[in-house]
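First to last, the protein sequences are chains A and B. Residue numbering for the first sequence follows the working numbering, beginning at 1 and increasing consecutively. Residue numbering for the second sequence follows the working numbering, beginning at 1 and increasing consecutively.
Because the hints were derived from the structure by calculation, they are not lab data. Values in this document were obtained by computation on a predicted structure and should not be read as measured data. One should not assume that every hint holds.
[To be verified] In silico DSSO-like cross-links for lysine-lysine, where the CA-CA straight-line distance does not exceed 27 Å:
no.: 1; chain 1: B; residue 1: Lys-125; chain 2: A; residue 2: Lys-55
no.: 2; chain 1: B; residue 1: Lys-3; chain 2: B; residue 2: Lys-189
no.: 3; chain 1: B; residue 1: Lys-96; chain 2: A; residue 2: Lys-55
no.: 4; chain 1: B; residue 1: Lys-169; chain 2: B; residue 2: Lys-219
no.: 5; chain 1: B; residue 1: Lys-96; chain 2: B; residue 2: Lys-212
no.: 6; chain 1: B; residue 1: Lys-24; chain 2: B; residue 2: Lys-372
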Amino acid sequence: MIRVVLPQHLRTLARVTGEVTLEITRPVTQRSVLDALEARYPMLRGTIRDHITLKRRPFIRFFACEEDLSHASPDVPLPDEVATGAEPFLIVGAMAGG
Amino acid sequence: MNKVRLLIGTKKGAFILTADGARKQWDVSGPHFGGWEIYHLKGSPVDQNRIYVSQTSSWFGQVIQRSDDGGKTWSTPGEGWPEETSDGAPQGESNKFVYDTSSETGAPLTTHQWYDGSQRPWEFKRIWHLEPSLTDPDTVYAGAEEAALFRSTDGGQTWHELAGLRTAKGHLWQPGAGGMCLHTILLDKSHLDRIFVAISAAGTFRSDDAGKTWRPTNKGLMSKYELPDPEAEVGHCVHNIAMHSSRPNVLFMQKHWDVLRSDDTGESWQEISGNLPSDFGFPIAVHAHEPNTIYVVPIKSDSEHYPPEGKLRVYRSRAGGHEWEPLTKGLPQENCYVNILRDAMAVDQLDPCGIYFGTTGGQVYGSANGGKSWKPIVHDLPAVLSVEVQTFT
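With the rest of the complex left out, here is chain B (with noise of 0.2 Å):
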């Protein structure tokens, strides 16, 4: 039987929501983690029991949780890796990150722009984003503010940075106001030495080696009110990309302002925000079956982090972008502030697709068809960080 299981990501803890291939009635399971920013968790495509969670606080730092079992149980892991002590003690240690300076792998750890145009050393802060292998369950990514890429191969156990990424001409990237986080990682099943990581801001970047080496990619890109240069190579505050795991070539970006497409793997962009109320926003999704319709929710300005008008719309293209189609079937259309943030919209991959989105107010709204209709799941969570999705069939 279908079953599609989304995992949600909030400012005080996770919370899991599983329904049968109807999707109209929802179980809810949490807090997970209670109290603690969750600021994503996301499901092995590989093993869907194993999902990754980045759990983390300003007072006691970054966490990471795994669980085995779909969500039933939860450990940091390295729990009785290699080998428990003698008194049953767990011996792991998942939640160190640490720059990798070394001769043999690492780079420098040299500086960044600081918001007073002074150079600054990297720091971590935590992680946005984890990213879990197409091929290895015990492979995973990790995206951390301030921007780095770190991967495990040991189920979370130990994290190792891949630095080549800081080398992407690093000395030019600065945080924005949300800090300077790796937020978006891609990976390409056709070609498995491929990743994209998406910086804010600093742009896009691209590595064919498996993280070893990598460069910018963000010709196109223009940033006319929050760089000097608003072509210049990096420093571009893009917000999350998108890409259909049938066509890597093409990505859909939605960045600080505009909404863009590469045809070439992100060799060049071109504008496609068309006919979009607002070009501002910060999630984008591509739909599950047709690799060319893509979906944003336009949000008022930078300086207004809301729905313009007070209309909670989801817009749909269905030709890649330029043209696009307000949804609002059982959206609020009158007094909505809320804010969808960028990892807060994932799609199912069932027939029809499922479409689903968290906001600031503590909503997740999902649309079994498509986002011809939409109804809230749940509408009192915590402020929603990051929503996914896992489909059963």
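The following block holds chain A by itself, in its conformation from the complex (with noise of 0.2 Å):
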């Protein structure tokens, strides 16, 4: 089971409160626990990621286990935390003044 926790623009969207749970079969990536969110909750298509190309949007960050991965491929394996749903996935507005 995977842990994601949404920016609350996005749980208010997808009406969800408190984190997202998904099923996910290994190997676990980015692109694998943003397929089966965006399948589980379809109007977070195009807010995290481009509908087309499926590139991050600019000012989107992911985060797990103290780290950014922001800028990782899609393709490369989430770290064990992440996969075994110890630590969670965090997806995140970045930043931003005024």
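Mind docking these for me? Both chains are given alone in their own frames, and the hints should help you get the complex.
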């Protein structure tokens, strides 16, 4: 079981509270997590990554195990702690001032 | 009993203001979609409980919301359509705006001009304006940045680009400072296949075949300081156009500079700025019952987006242009430096006609007597992006 933490606005959009849990077969990657998340919550398609290119939106970040994984290949396996559910995969809105 | 409902889009959410026909006491509901930029929301003229919303964010992109109960509850269209998954999850994907490049109905993803003079492929940013059909509550048009027109015929569940518009000299269109946006859509109830759109900075365009083919309708526009060829066929920074439904061959335009009028369905335009203190501005509106009475809000200049002399003045022409009178009673006449954006003025259908506009300072002003006097309905909202009115009689 994978644990995913969404930013507030996307929790509202998906009508969830707290963490989202997903069942994903290994290997667990950014792509497989996002594929499963979007399949479960289709209204999130296009809000985290582009509809067509599937590239991460510029102001979205992916964190896990105190590491910034935003720039990692989407097909690289995520840390074991994420794959086992010990640690969540965090989808974060980038900081911005103003 | 008469009732008016204002739909207000702001930089940080949507607000719904309601009043009875006297338009003196207002109930305020909101923020809806707090924290998101609400570029526009508009109700269907066929079913006033049906309201479409453009909800957007630099972080999370474009979302379309819909209400079927007059704004009490909202959903992203497509929830439960065509059928929910076994665990009840929604199926819809109402936020998918993809330029149509198919050989059957689309156009190649060509390029438009960029700020540095280079050519750049179209890239979807957001929806600026939603225009529900005059005849079908499930059909709605959406004006996009970068400029394109989309249509949904299933209540906002899926969207299809009317790609012929991009072929109307699209390679010569270019973004203004606010982006290359399709911000105005006018539908003609006497010619249901006719659509007008306005794009910054491209100009106005007309389709007479329900959006399949388009042509520029900018003859007479003069952009002396914005274009190397002031009378170019496309490239003009049109800010807003308006028509009265009883006289759809007459159009009024607020351009970057100049207020103009067309008496021949956009085939040609004549300047009607007359005695305005500045002919720069954003919105233009037509009185509900007097097709020759129009309203603008002059702004000092393209580099100083606030009212001349710090005086917030709506100008009215009862002659269809040329001769203008300031409407100031109840509006701040000193130290006022707000702007009124292109979609932020609207009229109701009551008699006397109500006029409403919102400012970048968060005020929404209303007049229940055609502009003779004004009152702030709310004064501390986030910057107002759009104002629409629904009238219940």
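Holds or violated: Lys-24 of chain B with Lys-372 of chain B, Cα cutoff 27 Å?
15 Å, holds
Check the hint pairing Lys-96 of chain B with Lys-212 of chain B against an upper bound of 27 Å on the C-alpha distance.
21 Å, holds
Is Lys-3 of chain B close enough to Lys-189 of chain B, meaning Cα to Cα at most 27 Å?
24 Å, holds
With a cut-off of 27 Å on the C-alpha distance, tell me whether Lys-169 of chain B and Lys-219 of chain B pass.
The given pair, whose Cα atoms are some 15 Å apart, holds under the 27 Å limit.
Has the given pair, Lys-96 of chain B with Lys-55 of chain A, been kept, meaning a C-alpha gap of at most 27 Å?
Holds, at about 15 Å.
Does Lys-55 of chain A lie within 27 Å of Lys-125 of chain B when you go C-alpha to C-alpha?
Status holds; Cα separation ~15 Å.
In summary, this structure violates none of the numbered hints.
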